[in-house]
Amino acid sequence: MTRARPLVTDMIGGLVFTIIGVAGLIESLRMPRFENRNADPFTVPGLTPGLLSTVLAVLGVALIARAMAGRGGATPLPILNWSAGSATRMIFTLVTVMTYGFVLFGNVPFIIATTLFVFIFTIGAELLNPQRKLSLPKLCIGALVLGLCSAFVVRFVFVQIFLVRLPG
Amino acid sequence: MDGLFHFLNAVAAIGLSADIFVVIWATLLGIVIGMIPGLTATLGVALVTTLTFTMQPNTAILVLICVYIGAIYGGGRTAILLNIPGTPANAASVLDGFPLAKTGRAGEAMAIATTGSFLGSIVGMLGLAIVAPWLAEFALDFTSFEFFWLAVFGIVLCGQLTAMDDPLKGWIAGFFGLLIAMVGQESLHAYARFSYGVPNLEGGFGLLPVLVGAFGCAEVFVVMRQEATQLVASKVGNVLSAALSSLRYTRTWLRSGAIGTFMGVVPGVGEDMGAWVSYAAAKRASKTPEEFGRGSPDGLLAAETGNNAAVPGALIPVLTLAIPGSAPAAVLLAAMIIHGLRPGPLIMITQADFFYSVVAMVFWASCAMLVLGLLLTRPLLYVLKIRREWLMGVIFVLCVVGSFAIAGRIFDVWVMIGFGLIGFLMRETGFPVAPMILGVVLGPILDNNLRRSLSISQGNPVDFVTRPISAIIAGMVLLIVLFSLPAVQRAVRAALSRIASPVKNNGHG
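Protein sequences appear in the order of chains A and B. Sequential numbering from 0 applies to the first sequence in numbering that gives the first Met the number 0. Sequential numbering from 0 applies to the second sequence in numbering that gives the first Met the number 0.
Derived by calculation from the structure, the hints in this document are not laboratory data. Glycine residues also receive a C-beta, built at the ideal position from the N, C-alpha and C atoms. A couple of the hints might just be wrong.
[As the list claims (entries may be wrong)] Label-pair distances were calculated between CB atoms; the ranges are:
1) A:M97 with B:D164: 29 to 37 Å
2) B:P288 with A:D39: 54 to 62 Å
3) A:T98 with B:L424: 45 to 53 Å
4) A:V7 with B:G196: 46 to 54 Å
5) A:A83 with B:S16: 52 to 60 Å
6) A:I160 with B:P288: 49 to 57 Å
7) A:P129 with B:S240: 37 to 45 Å
8) A:L143 with B:F137: 36 to 44 Å
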């Protein structure tokens, strides 16, 4: 791996934080100053976020400048080391957790949503594992039992013991 | 003497009541959480916090402290037997713990880790009992100027120490966290910043969903991205005799305990730095430094003592300044506030009994950790055989339900997943997550105290550096920033070598 790739990563990271800083500064300047209420100008809401955004933008520019000067970037960054297996597992994980968190949880009854998620996550993760020991039927039975147990135990603990109303 | 009386009273109150059973199960739960790769102490404390809502405040904090201490200790087992740290705090333990296990000395390594963790917690507890009342009294003189600088100091130092080779990224993470904390209604004019009319954003981001996301959900992503791990040793020898023999390294555990406690006190730094700095100090002081990294009992003892000593150390700023010493301590601080406890400079005046209860909780959790760690060595090996494929789905369900349970808002689940992605991307690109979390915690403190100070001083910035305590903290911030600049480092090195060379020449002459 050459040093150029970490430097590009640093440059992109610096750019992202600079944009956040500049956007934060613009938004801070747009915040009201409450002159009509005779508010103390040193207590206006945009003061602290404005200062913090400026510092963040300056630090982001410093990171970009450092990367452009060819300095830094010595630390091995995990993002530059992806195997095909890692990428597949990651895509699978992202898709399943987001489906559960954004779609199923709150819209589908808790027991069904959670059993389904744990069942699919466990089976998918095991199928992607080259060291899998269980046969597919045993895996399906195990994952279903795990899904049902997790859903009922979590619901019992939160609803019956901690009196939390779960959605769906 | 008054303090000792209060402490003994608190120890008896826990030891002679049903709370002792709470100590046992909560510490065991913490050990199991720490042992499972991917479950950190922060995640454990955050998830368990959601289970303590209906408990009495003291019992809830007792549970969380036991889980915290147990998890930091439990991660050492994973470091020894799997060659990966169970929690980030145990990274230094891998260096000597794993080589010891590979040579058939896994039992000895676990005994050393157990003794070291216990001694570290006890040294840290003494530090907590002695330093916290003094610091609380000192902090009574703090005004908004000092609290503003303290928040800046925390971010700058945490950014520096959690990204030693690249402090710039640590500071970016810290200021990003401070900016995140600005979202939502501010306290002086009730204006909702960065909310764009979205009602959920007007309340800001809840600390617990952010923490569960950045440390829990992100951990699920990190674990699933990595390759599977294998258990290297499943047999252990005589643990008790090895535990007793590790007591002979008196200097190591005393030094590491003191260093770990100090690193715990530093805002946002916490257990992992406690372990690394203790390990480095032990290596420097050792007569056989070449053994470090090849299975040195001294090195393992130093790392495990250092990380557990940082736990009570991290509680010192939580209790006296309401500023967390580490990421799990940030969750603990949030839990204290949720349970109606008010940590801060007034704690020794308004809640002295609670303070000594916390010291007693650390004592009992340490004792439980020692006993459970030595007695359950073999049964606990089964925890390491749990496959991540069967665990991570359930962990994610707990992250979702835990985030939702705090306020009953689906929005908090989205926040948790969002911060999970942010935390994961930050780790992938070399930005430390701890300064960001510290920034989220310190944001309101910095905001309120900056604007209050400017209002008092009528905008005169000189007042920020002319008050004695402010000037000292501001000077420290400046020194940290200056010494991280390569040009300054080069100049200092050149100056030191110029000073050293005449001395060397004279010595030889």
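Outcome of the hint check:
For A:M97 and B:D164, the hinted distance range of 29 to 37 Å is satisfied, since their beta carbons lie about 33 Å from each other. Separated by about 59 Å at the C-beta atoms, B:P288 and A:D39 satisfy the suggested range of 54 to 62 Å. Between A:T98 and B:L424 the Cβ separation comes to about 20 Å, which falls outside the hinted range of 45 to 53 Å. Checked against the hint of 46 to 54 Å, the C-beta distance between A:V7 and B:G196 comes to roughly 38 Å, which is inconsistent with it.
A hinted range of 52 to 60 Å for the beta carbons of A:A83 and B:S16 is consistent with their spacing of about 56 Å. In this structure the hint that A:I160 and B:P288 lie 49 to 57 Å apart at CB holds, the actual value being about 52 Å. Between A:P129 and B:S240 the CB atoms are about 41 Å apart, so this pair conforms to the stated range of 37 to 45 Å. The supplied range of 36 to 44 Å is broken by A:L143 and B:F137, whose beta-carbon atoms lie about 59 Å from each other.
Violated hints, in rising order: 3, 4, 8; the structure is consistent with all others.
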